[in-house]
Structure formats: structure tokens, C-alpha cells
Amino acid sequence: MTNAKILSASAHNRLPWLFGALIVIAAIWLLADLSLLSTLIEWLPYLGSGFLMNILISLLAMTGGTLVGVILGILQLAPLKIVRYPVVFYVQVFRNAPHLVLIFATTYIFPFEIVVAGHYLPFPDWLKAVIGLAIPASAYVAEITRGAIQSIATTQWEAAKGLGFSRLQALRWIILPQCARRSLPPWMNLFASITMGTALASLVGVHELLHAATDASTAVRRLDFTVLAYIVVMTAFFVLCYPISSLTRRLERRLKV
Amino acid sequence: MGNSLLQAFIDWTGKIGLNYEFLAGGYEAQIWRGGFITTLYLIVLLIPVSLAFGLLFAAMLTSSRKLVSAPVRAFIEITRNTPTLVQLMFSFLVLNTLVSNVLGGAQNNPLSPFFWVVAVVGLHVAALHADAIRAGIEAVPEQTVEAARAIGFTRLQILRFVEAPLAIRASLPALVNNLINLVKLTTVGNAIAVSEITYASIMVWTQRDNVVELMIVILLFFSAINLAVARIGHWVEKRLAVPGFGVGS
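Chains as they are written, first to last, in the working numbering: chain A, 1 to 257; chain B, 1 to 249.
Calculated directly from the structure, the hints in this document are not laboratory data. From the three backbone atoms N, C-alpha and C, an ideal C-beta is built for every residue, glycine too. Mixed in with the good hints, there may be bad ones.
[What the hints assert, rightly or not] Coverage of chain A stretches by chain B, computed from C-beta distances (three or more under 8 Å per stretch; other residues unrestricted): (1) 46–52; (2) 99–111; (3) 199–205; (4) 240–246.
Just chain B, with the same shape it has in the complex (with noise of 0.2 Å):
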């Protein structure tokens, strides 16, 4: 049943000049499927890590010591402002080795490529990340933070208890922003030899020569997986929505 639908697909597509026949042939085709299977993991992933270390860094961001926040003002500036693929080769071919030299060989080094584009991609976004969280954190009225100091909630329990959950609602908006940019950064790990489904394409057009064929799905996947970002951030900001605040559902 699937064959035969497949086999009517490559045929439909050949007819309108587009060649789709790698999908009969095996091995190409498993690269293909591992490539967005790996691209769906490493988003799935990434999300979560990068969402803990925005809290983390925007916690830290607006602490009241300096030898705390500016470090992690510093690391969202550098992040920010230099491109995330110097940032990957960086890490790779320097970092990695280092930590190579250390354990004494490449043999005992237990960190993978995949290692690295979780690390780099996921510190890269969790910088963004805190930046939105810190102006949410100030878009919290002076007064709600007064008031919870006045019933004698301690600094940590003002911003769990009452800063974190407003300013998580503040920044939503540009929280998810910052996810579909997530969603497009996991194609750097081309760079080193991740096969997501860049790189795993590179296999297959040079095999066969279908470029354009390749790109549409490609091309059609990131819109589908960055429309369903948009579209279950859009969920949660409404299910969080602050009665009286906005325009209201």
C-alpha cells in the first residue's frame, strides 16, 4: 500500500519534471529520512536545554552583583554579535581539541559533533532568551515587587514567586521569536559533519542531481515545523493570557 503510493509520487512528480526516484532506491532514502529525524531531534532537544539556561542567564542578568550579571552581559554581547557558525567552528575545532589534549587523544574524547551544535546553538539562543526574560522582568510593575518584599518574600522567592511568572508572560511574544530562529540555526551542524537533513541532502543531490527537488521539501519542512512553533506558541500565550491585560482573545 505504501509502496504503490510512493511509486504513484515518483511517477506524478517525474511527469511534471521533477525526479523524486531516490525515494524507491533504499540506502539514499533512509539517509534522507534520518537527516529530518536527526533535524526533529535536535529541535526537540534544543528547545528545553536552551529555556533553562535562558532562565538561568536571565536570573544571573538581573542580579544585584556585578561579578554575577556581567559575565553573562558579556556572553550574550559576544554571542549576539558574532555569527553562530564561527561560533560552532570555534568551539569544534578549538574547544574540542583541547579537551582532546586533556584526556590525552581524540580516542577518549567523549564529545560529539552533536555534542557541540547542542552546546553552541543552545548557549547561543539561551542568550537571546535571557534578553527577552530580563525586559519582562522589568516590564513588572515596581509595586507587585515592593508589595511581595513587604509580606517578606527573600529576593530569590520575589522572582520564582512573582517576577518569573509575570515576566515569562511578557516575553512569550519574543520567546517564540527566538525558537523559529532556534528552528533555523540547527542547519550549522552541516559545518561539522551532523547529518541532519542538510547535510544528509548534500548526499543525495550529489548522487543524483536533484537539487531543486530536494530543496522544495526542505524548504516546505522548515515552514511546516516554524508554522507549528508559531502557532502552539500563539497557544501558549493565550492560555497564559492575564485577565485585563491586551487586546483579550
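Chain A on its own, in the form it takes in the complex (with noise of 0.2 Å):
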């Protein structure tokens, strides 16, 4: 091991002390200012809420990108070109585009209610939200998927093609599960982007933490609030994505060998 290895190493160790630390300090400031302290108390839930939002909508994306993310994947690798031509270019355009872009345009461009069957389902703006992170999220889980599909050797599908299976047979049971684990560290890097992307529904109007967060300090009107509500924001998401992050970093390492 290098010294920066072990200088790095260290400072890893070193963070959650320094990040306990900060709640200390702020601990220390809550207790120093009782009705600073009340104030938070009485908004956590309403702040709560909108964190409950933001899980929601980032894991819902996660499962529909990630289900039309591998069948796009498979797909970007199929022999015939008019299937494979139309699959890399909706990649190419949507690994491309700025998440917010994508929340824009389907807030803006679909319907706020959907006729089935004679019925008005209303089509709420996180669903939207949803669906704009969704089709980011497909395309990078394409990316991964061929990547990982074709990080694995021809040799096993020469091997599986002459054990007599077809083509979609040896990707189901031979090719994938192996796909699997490779895919696993920057899928889970992609969720912690698309966790903090989440932050972006606010500003089309979703009420989550974000959201709520503005709304609270505009009607506590108190600077020092307002820098609390942030903080509170900051942690929230740190302490979400931080384990994500760490571990991804962690699972790299061992699958590196």
C-alpha cells in the first residue's frame, strides 16, 4: 500500500468524526437559543414529509429506469440495426440531457389528469417528477447493462451456444446473473444521483424536502432558521446518499480483484 493509499484511507476514518462534530456544534447552538430549537421542533414533520417525498419518488424512478434500463441495454447490442440504431440514439440523448430538463418536460408536456376507461385519474405533478428521473435513469442503467454484457468474455457464449443454448437463453441464464454483480457499484452510484435529483422536483412545484424547507423559512422569516433549514436539508440528504456512496466505494474494491 502506498502512502496515499493509507493518507486517503485515514481521512475516510476520519470523517464521521468530523461530521459529529458539526452536529455537536449545532446541538450546542440549538440548546443556546430555546426558541430557535421550538421553532425546528414544530417544522420537523412538516420538513419530514418532504423528505418522505423525495425517497418515494427517487425509489419508484430507480425501479422503472432500471426494469426499461436493462431491456434497452439488451437491446443496444441486438444484431438487427433498425432495433439497435433507434435504442443508442434515445440513450445518447437522454444520458445527455440535464436531469431538470427532462422534469420540465414531462411536467409540462403531459396532462394533469388521464381518461381510462371513462374515468379522470388525476396524473399528480411527483408522478411526473418520477417519470422525468425515471428516463434519465433508464438510460444509464442501458449503459451499465451493455457495458457489463459486454465486459464478459465471447468465450461464454461460444461455450453456452455449444452447449445448445439460443441466443436469449445463454443472455437469461449464463450472461446476466454475471452482469449482475459487475453492474452493481455503478448502479448504486446511480441511485445516489438520482436520490439527490429529487431535489429538482421542487422547483416545479412537488412538495418535498427542498420545497418544504423554503416554504418554512419563508414563514419563520428568521435568517438564523433559514440557515437551519438548510443544514437540516444538507444532512438529510448526506445521511441518505454517504452510506450509499461509501459502500459502492467499498463493493468497487472488492470486486476490483
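Build the complex: two chains, separate frames, hints provided.
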């Protein structure tokens, strides 16, 4: 292990301490000003309900994005050009598109209700945000899947063919199970990034954490509370995303060998 | 000549049901074009800013003094694990207000929303760059560094003449990825009314109700820019490739 590696590892171990110190400072600040503490406690349930929305949006967007993305990733390697080219185009466009633009697109293009067999079903903004984030997620998952499939030795395809598997059977039973392990670290990175992308939904009026914090700070009208509200927002996202990214790094190191 | 071409384009797209009529109108077309220029300007400004700070952070990150490396590590972990939009709102609503208070009123505050977008996005991407460059520095063989030390290079000279040139080459693919991310992040300026392309488009489509038409252009615009960034990155990678490493040209 080189010097630099030891150093960075120790810096990693120190991080929870640093974060703990920040929490202690915040706690002292709150105890020094009890009115601030009581205002924060009053608003915490409101902020919490916003954060649940972030989690819901990210879970749904990742589920949808993964299901569609795996299929697109497989289609990107299809032998037929007429299947392959449109999928490659889709992936290129939506992988390069800013998440905010896609959220705007789904919010403003889709109607606010849809008619299914004579019933008017509401099509709320948060569901549109889910689709807006599921589209880039599917494009990224397609690239991850394609990369994973291509990283598997061609001889495995040939061996499967030799054993009498069809192309689809080989894909399903031999190739994809190996891909799942390889694509787990990038998939988790994507999960963290989509989770952070949910904050963008506040710009189209979805009631999520950032929106709730803005509401709270306009209602209370105190600079110290505003500072605190945004620190709570940062902390909430950090607590959600940091374990994902550190676990990803550990997995990457373990799967590298 | 230009006008008749524009009119032909508007007529032709009108036939397939797309409404680009605002392009012929003066004011809206001007705002919209301004949006594209602002976005391009942001990108051109942010790329060197992020790279410069990325190098600085990477140098601090690999320092043997913990007092130097630990704060940068903490900054990287915080920026990477919190949404950029939240960082931007925090900077604009909190830091900007504090600066205004110190200077005695918002009218004395020279920091514009544009500045805050450059600062937040630039430092955010710089943090990502720093981690990529650090990984590149770690990939430099120990023997090379030892050899440099043996000839009498100081720590800083080793970084400047030996580690950095090799590390930059190793981290180029990751840096290009970060730059593509940077291009996409410029849209958060929308939240604090920096008139980049999404903000300018909202101005147009609230008047004309032609979201689909504008979205098509915006998506193609970002695809084209990111394709260009990826191509230039690939070209630089090839130019700087160390002979005898990788799969070769």
C-alpha cells in the first residue's frame, strides 16, 4: 500500500468524527437559543413529510428506470440495425440531457389527468417527476448493462451455444447473472445521483424536502432559522447518500480483484 | 436570405404540427437566443474554473499534512453527497444574505446570481475532479516517485513535474465524464433566475404554450454540446497517450 493510499484511508475514517463534531456544534447552537429549537421541532414533521416524498420518488424512478434500462441495454446489442439504432439514439440523447430539463419536459407536456375507460384519473406532479427521473435513469442503466454484457468473455457465448442454448437463453441464464454483480457499483452510484436529483422536483412545485424548507423559511422569516433549515436539508441528503456511496466504494474495491 | 430561410423553417415545421412562430417575433426570439448564449458562456467559463480548483484540491488532498487534506476530504464528501440545487439555494439564500448584511444592504452586494452559479457548480465539479486526479496520482508507480526523490526533487517538484503529468493522463476519462456532468449542472441556474436556456425557454413557453417544440431543441442542444465535449476529451486523450500503455491508437 502506498503512502497516499494509507493517507486517504485514514481521511475516510476521520470523516464520521468530523461530521459528529458538526452535529455537536449544531446541538450547542440550538440549546443556546431555545426559541430556535422549538421552532425547528415545530417544523420537523413538515420537513419529514417532504423527505418521504424524495425517497418515494427516487425508489419509484429507480425501479422503473432499471426495468426499462436493462431491456434497452440488451436491445443496444441486438443484431438488427433497425432495433439497435433507435435505442442507441434514445440512450445518447437522454444520458446527455440535464435532469432538470427532463423534469420540466414531463411536467409541462403530460396532461394533469388521464382518461382510462371513462374515468378521470389525476396525474399528479410528483408522478411526472418520477417519470422525468426514470427516463435518464433508464438511459444510464442501459449503458451500465451494455458495458457489463460486453465485459463478459466472448468464449462464454460460444460455450453456451455449444451446450445448445439459444441466444436468449444464454443471455438469461449465463450472461445476465454475471452482469448483475459487475453492474452493482455503478448502479448504486446512479441511485445516489437520482436521489439527489429528486431535489429538482421542488422547481416544478412538488412538495419535497427542499420545497418544504423554502416554505418553512418564508413562514418563519428568521435568518438563523433559514440557515438551520438548509443545514437540515443538507444533512438529510447526506445521511441518505453517504452510506450508499461509501458502500459502493467498498464493493468496487472488493469486486476489482 | 436568413429571414426567408427562417420563414421556410417556420412554415415547414408548422405543417408537421410544430409551432416555432416565436422565432420570427423579435423579443421572445431574442430572449431565447440569449439563453443559449448564457448557457454556452457558463460552460466555457466553468470548464477552466473547475479544472483549476480541481487541481488545487487534488494537491491539497494528497498532502501529507492532515490539517490540509482533511478539510478538502470533508468538502468533497459533502458536495458529492448533497444535491447541487440545495447547495446553490443555501449559498444564494444564506451566504449571499450574510454577505449583504456585512456590506450593509443588498445594494452594496457585488455578487450576482450568475456568480453564485459559477461558484457552486465550479466548486462542486472541482471536488469531483479532485477525486479523479487523486486516483490518477495513486496510480503513478511508487518507483517513479522514488527515482524523482533520489535525483533531489522536492515534494512540490515531484507533484509538478512527475506525478501531475502522469496523473492527468490516467484521470482524463473521469475528467471528461465530470465535464459532461458540468454541462448538465448549468441548468440549476434556473432556480435563482440566471437567464440560461431553461429559464429563457420558460419565458417563451408561458406565452406560446409550445413546450414540446422548445424541448426538442434543448435536448438536441445538450446532446450536441456533450458530444463535442466527449469528442474533444477523446482527442486530448489520444494526443497525450503515453506510448506503450493501454490498447493504443
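For each hint, the structure was consulted:
By the rule of at least three residues with a Cβ nearer than 8 Å to a Cβ of chain B, the coverage given for the stretch 46–52 of chain A is violated, with 0 such residues. Judged by the Cβ-Cβ criterion of 8 Å, the stretch 99–111 of chain A is covered by chain B as claimed, because 7 of its residues qualify and three suffice. Beta-carbon proximity to chain B at under 8 Å applies to 4 residues in the stretch 199–205 of chain A; the threshold of 3 is reached and the given coverage holds. A count of 3 residues in the stretch 240–246 of chain A with a Cβ less than 8 Å from any Cβ of chain B is obtained; the coverage claim is therefore met, three being the minimum.
In summary, the structure is inconsistent with hint 1 from the numbered list given earlier, while agreeing with all the others.
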